[in-house]
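So the sequence lines, in the order shown, correspond to chains X and L. Per our numbering, the very first residue in the first sequence carries number 229; after that it's consecutive. Per our numbering, the very first residue in the second sequence carries number 229; after that it's consecutive.
Everything labelled a hint here was simulated from the structure, so no lab data went into it. Every residue gets a Cβ at the ideal spot worked out from N, C-alpha and C, and that includes glycine. There's no promise every hint is true.
Capping the alpha-carbon separation at 25 angstroms, the derived lysine to aspartate or glutamate pairs in DMTMM-like fashion look like this [as the list claims (entries may be wrong)]:
# : chain 1 : residue 1 : chain 2 : residue 2
1 : L       : Lys429    : X       : Glu500
2 : L       : Lys429    : X       : Glu245
3 : X       : Lys283    : X       : Glu245
4 : X       : Lys429    : L       : Glu304
5 : L       : Lys404    : L       : Glu327
6 : X       : Lys429    : L       : Glu511
7 : X       : Lys497    : X       : Asp451
To be clear about the criterion: a stretch of chain L counts as covered by chain X if any three or more of its residues have a C-beta under 8 angstroms from a C-beta of chain X, and this derived list gives those stretches [said to hold, decoys possible]:
# : region
8 : 355-369
9 : 474-480
2 protein chains.
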Amino acid sequence: MTTQQQIVRLFQERGDECISGEEISRILGVTRSAVWKQIGLLRERGFRIEAHPSKGYRLIDSPDSLLPADLQAGFETAVIGREFVYFEKTESTNTRAHEIATQGGAEGTVVIAECQSAGKGRLGRRWVSPPGVNLYTSVILRPPILPQAAPQLTFLSAVAVARAVRDVCSADARVKWPNDILLNGRKVAGLLNEMSAESEKVHFVVLGIGINLNMEREQFPPDLRYPATSVAIETGEGVRRRLFAQTLFRHLDQLYNRYLADGVAPILKEWETLFDLNGRMVEVDFQHSRIEGRVEGLDEDGALLLRLANGALERVLAGDVRPI
Amino acid sequence: MTTQQQIVRLFQERGDECISGEEISRILGVTRSAVWKQIGLLRERGFRIEAHPSKGYRLIDSPDSLLPADLQAGFETAVIGREFVYFEKTESTNTRAHEIATQGGAEGTVVIAECQSAGKGRLGRRWVSPPGVNLYTSVILRPPILPQAAPQLTFLSAVAVARAVRDVCSADARVKWPNDILLNGRKVAGLLNEMSAESEKVHFVVLGIGINLNMEREQFPPDLRYPATSVAIETGEGVRRRLFAQTLFRHLDQLYNRYLADGVAPILKEWETLFDLNGRMVEVDFQHSRIEGRVEGLDEDGALLLRLANGALERVLAGDVRPI
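The following block holds chain X by itself, in its conformation from the complex:
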């Protein structure tokens, strides 16, 4: 945890009580001028911090709060966020959302956790999920679609995340097929959609979204498969988590309603504008096989189209893609 995060934590622990700069500096073992500097930076990020000359500091409002009551204030959508379920810490928001959906949880229910003890990435990989800095969320949908179509919803999440990064952070997010979001070529967000279905009907889909917002360089483990980053590292500016989350859910809502009305085509079209590998040679690893080819965009289901050396057009449904 960085000094700034530790200061926020201290404020939160004190609640309505004040804490002096001297006490903060003593508890954290940093100089008083370092404390002042961080408090200034927090104010720039939208934290409202009251200062009493004699009593010290008190946190009035935090743009980082993801508590349901704070998210719901001034928030209106058709479907997404009808209900918010919040966990200080949980294994995985996808696991919780899956349970809620199995027990009949409504479409549009959003699960949020400050911290995941076993955050999941695709194909059983982990998603590093420290507390207080990022957004880990899972949304329950019940679209009237066949299971074959469910993987299309990954593109919907990807477009929503890229739009929110653009709107809130003024940064140009790009997409990596099938389910990562990149800033400057490094992974800033990952998507994990899970479904429960029978052969002719999807019971529900859980859109899992993990976005590194204010995570700092030292918080990443050294052994990640793919270079990872956060919005704050790339833009040099902290992200107001609440604003980001509300913006994301609004875009998800708008895109989902569009999807129900018009299908996946407009979403794939927008996704392709965020995709840099069209026309590039790539290799794709999946399980124990590898193929190479030139990217020719997506087909109507979101499969990656690869032109192989022998001229055949291959539909790729899964795998890790790397430019070569």
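Could you slot chain L onto chain X? The hints should help.
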């Protein structure tokens, strides 16, 4: 419950103790000659019933027992039936299997219930599930496939059920696309496959199988969507449930191993030999749409191919098919 079923229930309640023919006739309110007749019929079905001149009757062995220890006796397979989980009564074997799989239950685990209080058919329909006469079972599989391929496994269950009906009951079961088994044009078994998956990986599939074996005409509710029957009604002979279940699981095991090695093609080929609508005009209802066309078999994923009036070939992935 029929008189025969009531007699079996009485025997089971008494366990090792004898019960006289007179007592049975008094409890059930039927004549002693009716009791003798039913005991003769039970013996023909493979029930071993010991008769003591002075003490009465005692059940030694029941071909109807689906208890794990009885199923496992003399039973060997590679995957299916590694573990049996038995319920006297449960909501739905699919629901139980789904829970077991979510908690990490092994591939090949078989859930069996004597009775389902909320038996499920496809698309949220119910499956009538009285106790003691039929087979209600769900099998957990963890195939290394993409979610798009999971609906193929319905054909695997269908072929296994048809083979078991042929082997144990000497009857010619036919299939109704996508997931029913027919005897003489009436539904004798239904399949409900459910999956849990992410976009690039199936976590598990539950093969749900309900087969009407010894159910009698009076046990069917009057308001079924589709004419239903049981093997015993159609063949006039009771079915040894244990033998049937073991035969079914052996075929499932053999077909699943074949599927993992060679894909779905050989299974679809066998399925088509059990399918009567090739070349026939049909209509297909799905949600709020209806299409008509001539059946031209299955495509490589198991979709029903329909030649429409305008000459186009339509791939049908879901719906209720009726010949016209």
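Here's how the hints hold up against the structure:
no., hint, in the structure
1, L:Lys429 x X:Glu500, "holds, 24 angstroms"
2, L:Lys429 x X:Glu245, "violated, 50 angstroms"
3, X:Lys283 x X:Glu245, "holds, 9 angstroms"
4, X:Lys429 x L:Glu304, "violated, 34 angstroms"
5, L:Lys404 x L:Glu327, "violated, 29 angstroms"
6, X:Lys429 x L:Glu511, "holds, 20 angstroms"
7, X:Lys497 x X:Asp451, "violated, 34 angstroms"
8, 355-369, "violated (count 0)"
9, 474-480, "violated (count 0)"
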